[in-house]
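2 protein chains.
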Amino acid sequence: MDRELDRLVPRETDPPATIHRAMRYSLFAGGKRIRPILCLEAARAVSGEADGVITAACALELIHTYSLIHDDLPALDNDDYRRGKPTCHKVFGEAMAILAGDALLTLAFQVLSSMNRHYVDRQVRMIAELAVAAGTQGGMIGGQVADLEGEGQPPTPELLESIHRAKTGAILRASVRLGAIYAGADAHQIHRLSSYGEHCGLAFQIVDDILDVEQSSEELGKTAGKDARQQKITFPAVYGLAESKRMAEQQRLMAHEALEPFGERAQRLRDLADMIVKRSH
Amino acid sequence: MDRELDRLVPRETDPPATIHRAMRYSLFAGGKRIRPILCLEAARAVSGEADGVITAACALELIHTYSLIHDDLPALDNDDYRRGKPTCHKVFGEAMAILAGDALLTLAFQVLSSMNRHYVDRQVRMIAELAVAAGTQGGMIGGQVADLEGEGQPPTPELLESIHRAKTGAILRASVRLGAIYAGADAHQIHRLSSYGEHCGLAFQIVDDILDVEQSSEELGKTAGKDARQQKITFPAVYGLAESKRMAEQQRLMAHEALEPFGERAQRLRDLADMIVKRSH
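So the sequences go chain by chain: V and W. Residues 1443 to 1723 (the numbering used here) are what the first sequence spells out, left to right. Residues 1443 to 1723 (the numbering used here) are what the second sequence spells out, left to right.
These are computed hints drawn from the structure, not numbers from a lab. Computed from a prediction, not measured in an experiment: that's the story for all the values here. One or more hints might be untrue.
With a Cα cut of at most 30 Å, we get these calculated DSS-like pairs of lysine-lysine [unchecked claim]:
#, chain 1, residue 1, chain 2, residue 2
1, V, K1532, W, K1674
2, V, K1532, W, K1668
3, V, K1532, W, K1532
4, V, K1668, W, K1668
5, V, K1674, W, K1532
Hey, can you work out the whole structure from these sequences and the hints?
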């Protein structure tokens, strides 16, 4: 994965060098690559192989990295650390961090539109899926806005779920769908894999919220306890810690159930769902 | 054009409403719509009609508007006024301006990938063209970075041209190319229209630099004289005002020359080149 990302992103020496350094700094800062793995493994679940889809998988990591860089900006979450390292704007300044985020977002669509052109119809569908999942209506940016506007509001289960379905859920779901579309999945397969992606997404966010309460900043590699201080709407805030843990486990089981028709080919997707719930950072 | 843009962008009341208000605020702030007109008229020059290409034309205005919102941010050009109105971040705050820019960029690709699917191969080419033109390597973001890094550097003709070819030229050129590709232009037609787009782009930037020196803020609708204060590399700074005006006129003539094979069908493109050079704001 990292080799393919390295190939797709301009070199640190390519002019204008500063922005390529900033893009690479955040892209190779130790991300877990969950979205590209979801994409690859969804393709494998459908067709038994994941060759060729790796370029699309990388586009998902580019989108994810752009969103982290912009989220960390002083005007947004104002975070100084991410994955144990200073955030992009702390190292390269705010102007370069804004532009590096813009560039990664743009590059994601460049990469998707420049893949091998055997199935242009699937390619266009993948681009449309990613754009919607990254956008304002039920997508990532929409969730980010709802999250910002939700700070200090009464934490209801409905608001909580709608924020997270959009903010993290939409791209995780799209990761699976892009892989499935690439591999030529039929409507039923796409439906099951989308359902898997939604349950994984919700599990991921519940665990993220739990870790923010339970772990130290050192263990997380980013500032812990920020959610409570910023009066963010979180699962522990709405349901309490014990119930949140039960909910994460329930989502994990539902993710497994959605994979039932795929048999052995979906084993790594099952492992990934387990890993998402059992992770410690 | 504005009716189509209105159709493509979520309503002010669609949740999350704030970001849709911010996107629309900047999108309907009195832009000249030069890029979409270039796209439409390039299609007309090739095929005699411009139906259907309007959606792609709008994508160009979405990209342009995102770039203005981000350029105006305090961390970048720090502009309070644009087209005579307070800039997006002055009205909606920095966080919302960053996200509104991200959302317009994302929506541009959504719009391009969701057009009618008669020619998916052309559609994918158009998406790839736009992504490259908006990107870091010879594209808009690359030009923006070079521009930021060029402040205070010795103003050479080479640096000046390379900045503007990327910063404004790439998207203007892509506007023409997208229209041409949509209309099924052959390689020779695309070459001539690209050349027209390049000359228009350079003319546009030279005139922009001249206006920044000669006009008042009131006439421009934005802060005048900023280039000199920020020690930007401009055409008047490198060549002087008189020579800059001669160069703009030369670019206009070369733009006309590139259109020679298209005859009457390219009349509006000729008028547009004239308008770009003769505008006063």
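Comparing the hints with the structure gives:
1. K1532/V x K1674/W: Holds, at about 25 Å.
2. K1532/V x K1668/W: Answer holds: K1532/V to K1668/W is near 27 Å, not above 30 Å.
3. K1532/V x K1532/W: This hinted pair holds, its Cα atoms lying about 24 Å apart.
4. K1668/V x K1668/W: At roughly 40 Å apart (the allowed maximum being 30 Å), K1668/W and K1668/V break the hint.
5. K1674/V x K1532/W: Judged against 30 Å, a Cα distance of about 25 Å means the pair holds.
Hint check: a violation occurs at hint 4 only; the rest are consistent with the structure.
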